[in-house]
Amino acid sequence: MDTINPDTSISPGTAAPKDDAVIRISNLNKSFGDKKVLIDLSMHLNKGENLVVLGKSGSGKSVAIKCMVGLLTQESGSLKVHGSEVKDLNEEELKQLRIRVGFLFQSGALFDSMTVEENLEFPLTRVLQLKDRDDIRNRIEEMLESVGLLDAINKMPSDLSGGMRKRIGLARTLILKPEIMLYDEPTTGLDPITSGEISELVLEMQKKYKTSSVIITHDIACAEVTADRLLVLDEGTFVAEGTFEQLKNGPDKLVRSFFK
Amino acid sequence: MIIKTPDILTRQFIATGNQVVFMGSFFRNIFRSGFEWNELIRQSYLVGYKSISLVGITGFVLGFVLTLQSEPTMKEFGAVSYVPSMVAISVIREIGPVIIALICAGKVASGIGAELGSMKVSEQIDAMEVSGANPIQYLVVTRILACTLMIPLLTLMADGLALLGGFVASNINNSMTFGMYFNKAFSSLAFSDLFPAVIKTIFFGFAIGFVGCYKGYNSDRGTESVGLAANSAVVSASLWIILLDAIAVQLTSVFAYN
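The listed protein sequences derive, respectively, from chains B and P. Going by our numbering, the first sequence runs without a break in its numbering and finishes at 259. Going by our numbering, the second sequence runs without a break in its numbering and finishes at 270.
Since the hints were derived computationally from the structure, they do not count as laboratory data. Note that CB positions come from ideal geometry on N, CA and C, so glycine has one too. Fair warning: there could be bad hints in the mix.
SDA-like mimics (lysine to any residue), calculated; alpha carbons at most 25 Å apart, straight line [said to hold, decoys possible]:
1) P:K196 with P:R23
2) B:K34 with P:V133
3) B:K154 with P:S82
4) B:K65 with P:R233
5) B:K86 with P:S37
6) B:K94 with P:R23
7) B:K34 with P:R23
8) B:K176 with P:R23
9) B:K86 with P:N41
Stretches of chain P that chain B covers, calculated by requiring three or more beta carbons in the stretch to come under 8 Å of a beta carbon on chain B [to be verified]:
10) 133-139
11) 233-241
Computed Cβ-Cβ distance ranges for the label pairs, DEER-style [as the list claims (entries may be wrong)]:
12) P:R23 with B:K209: 42 to 52 Å
13) P:L263 with B:F31: 23 to 33 Å
14) B:T124 with P:I184: 51 to 61 Å
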């Protein structure tokens, strides 16, 4: 894999992507009012790769991945997912793209008026338009078994712990079998043991379903477990790129501060 | 010379534009395939069935109080026998629809505003959107239609109970049979009293559902915004009901009573 040390002359994120890169971003800019959140951001995600984006709170990490699924629109620059420029897609094309790109929200974002089963059923009946009750039930049970929470099938989200909500959120996202997974702070708000379990689960799911993933986090333990490659985001722009070991031993003070 | 538009005007124009766009997406999504019948039934149950006791008691008390308050004055003119007609006309034409709509604005619009607001804050609406599902079709269309269907039915029920309340109040000081009371009440009513009243409650229901959904769906992020969404949903829906009623009264007096 191409990796760049923080001390090389090449700007982080601008290394040439492989031919099979599934996400390509170049010179992306996004502002909220007068505040520039993303500044000339460039990066790519290769097929089958786990890319971790490290950054402190407010550095623009979540904004970047929300742009990738069209929840936010950039002011300028190019953002291509599976070769399609996201901002140019019409409603139907965007829907088709979103089926191929899963998004795990920080809180899990479970629909709190529905049981766990209904949460997982929602995308199957609305997006894949499945009608066969047995097929739907089998898919739900299989997915819940994958995340180790088959027992919770009839529970309401309010009865679940933070870690369980994340697992169910992951199951609901993976039930559509997306090719790309975007994780928004998957371990935030969890104790170290549960964080470790979620990180292992992310890795396990990536291997099982052969997804390419972007993992947004400031949890260094999660990054160590899951990352094939890391990018460090600061003030809306990437400041370093490399493997976990390269960044950990690199000269940049800001980058090393994450590893303390 | 550049004339700077006042901020409040700019904000109002933007808000109006956003509401028009939101209404457009509501109408577009009604006719899309995959209509959420089950959710419409669930919302109709929540809006309609769950409001029966509140609306029913309000309607009954409305007729009861109106009769008790107007009887002494009517007595002075020797017109006590006209009390059932007066109650029927005033409740069915005006007081019933407006009071019930305002009660529902408080109960239903605030509930919808708070529910969608908290779904927005906890990223549930975003989660629906990124999964490829259609949150407008699932959340907005069903709630607005449920309000549009249920508020007229609730108002009709309240009108009936208001007449019953009037009958009970009439029998405190006087004696009037059930048959005679309702005979007198209905003999004074015409189709032109009932029809415009029902039509305007359809618009009241639409306004309650639309405002609740718009405020909740477009609330800012943060827990404070959930309360604000609920609060402004009630205020805006009440204002819309009063404005729509004023328009309806003008239209009715031109088309129905002439």
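To see whether the hints hold, each was checked on the structure:
no., hint, result
1, P:K196 with P:R23, "violated (53 Å)"
2, B:K34 with P:V133, "holds (22 Å)"
3, B:K154 with P:S82, "violated (55 Å)"
4, B:K65 with P:R233, "holds (15 Å)"
5, B:K86 with P:S37, "holds (19 Å)"
6, B:K94 with P:R23, "violated (31 Å)"
7, B:K34 with P:R23, "holds (20 Å)"
8, B:K176 with P:R23, "violated (43 Å)"
9, B:K86 with P:N41, "holds (22 Å)"
10, 133-139, "holds (count 5)"
11, 233-241, "violated (count 0)"
12, P:R23 with B:K209: 42 to 52 Å, "holds (49 Å)"
13, P:L263 with B:F31: 23 to 33 Å, "violated (44 Å)"
14, B:T124 with P:I184: 51 to 61 Å, "holds (56 Å)"
Of the numbered hints given earlier, the model fails hints 1, 3, 6, 8, 11, 13; all others are met.
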